[in-house]
Amino acid sequence: AQTVTQSQPEMSVQEAETVTLSCTYDTSESNYYLFWYKQPPSRQMILVIRQEAYKQQNATENRFSVNFQKAAKSFSLKISDSQLGDTAMYFCAFMKTGLASGTYKYIFGTGTRLKVLA
Amino acid sequence: KAGVTQTPRYLIKTRGQQVTLSCSPISGHRSVSWYQQTPGQGLQFLFEYFSETQRNKGNFPGRFSGRQFSNSRSEMNVSTLELGDSALYLCASSSLKDRIIYEQYFGPGTRLTVT
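Same order as they appear, the protein sequences are chains A and B. Per the numbering used here: the first sequence = residues 1 to 118. Per the numbering used here: the second sequence = residues 1001 to 1115.
By construction, these hints were calculated from the structure, which means they are not laboratory data. Positions of the beta carbon are idealized from the N, C-alpha and C atoms, including for glycine. Some hints could be false.
To be verified - In silico negatives: residues of chain A with every beta carbon more than 12 Å from chain B:
| hint | residue |
| --- | --- |
| 1 | E17 |
| 2 | V19 |
| 3 | Y25 |
| 4 | T27 |
| 5 | S42 |
| 6 | Q56 |
| 7 | N62 |
| 8 | A72 |
| 9 | S76 |
| 10 | G85 |
| 11 | F91 |
| 12 | G111 |
| 13 | A118 |
To be verified - Straight-line Cα separation of at most 25 Å, DMTMM-like style, residue types lysine to aspartate or glutamate; simulated pairs:
| hint | chain 1 | residue 1 | chain 2 | residue 2 |
| --- | --- | --- | --- | --- |
| 14 | A | K96 | B | E1082 |
| 15 | A | K105 | B | E1052 |
| 16 | B | K1057 | A | E29 |
Please take these sequences and the hints and turn them into a complete structure.
Have a look at this one:
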């Protein structure tokens, strides 16, 4: 069974600094997708970044980038130039693809609470 | 486009009662998934509906059920509520490519408190 592990329950970072959130996963699949979602204190979860497992190039979205290590099954999120608005719970998620019937598994980690300090 | 909406936003029920939560997906999205979020367990997948059919199901008891209407709106029902059902219930809608969902767009959630 697939699992997603976020080993850092809480982190803090000074405004304008860089922080890296860790995520590891376990799967025997070769085709899958990985996501980072952000849930600010207002609770609406939003997608931050997505990575296709078949792509070697790390995904980047503005100040957010990932370090995808497929062999190590690691998918960390780097936030550069941290801003107060980045304060949120961050969830790593795994999705298995390639299932002809349309069934899938979308598995979330337990989250990392990030606080950006002024 | 309007985002995913969920009603009600807050709900207080007593043990043994039942509750129905509603979710309206983003226009054009045909897949709706439901999650239970608690501090201890994180996000737990309940089920997914696509074209009015339950396509995927998590490991929750039969007290948790759902349905989807022809306009893709979805409802989730919990019968015989237990204290442990207190949680934030999130709905997420997705567009599809080759019948597979990718990104999920989440609603604000319904905070259910069972007393």
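Taking the hints in turn, this is what the structure says about them:
1. E17: holds (27 Å)
2. V19: Its Cβ never comes within 12 Å of chain B, the nearest being 20 Å, so this holds.
3. Y25: holds (14 Å)
4. T27: holds (16 Å)
5. S42: violated (8 Å)
6. Q56: Holds: least Cβ distance 19 Å, greater than 12 Å.
7. N62: holds (17 Å)
8. A72: holds (23 Å)
9. S76: Non-interface label on A:S76 holds, nearest chain B Cβ at 18 Å vs cutoff 12 Å.
10. G85: Correct as stated: the minimum Cβ-Cβ distance to chain B is 17 Å, above 12 Å.
11. F91: Nearest chain B Cβ is 7 Å from A:F91, so the label is violated.
12. G111: Given a closest Cβ separation of 6 Å, the condition is violated.
13. A118: Fine: 26 Å to the nearest Cβ keeps A:A118 off the interface.
14. A:K96 / B:E1082: violated (32 Å)
15. A:K105 / B:E1052: holds (19 Å)
16. B:K1057 / A:E29: The given pair, whose Cα atoms are some 20 Å apart, holds under the 25 Å limit.
In summary, the numbered hints that this structure violates are 5, 11, 12 and 14.
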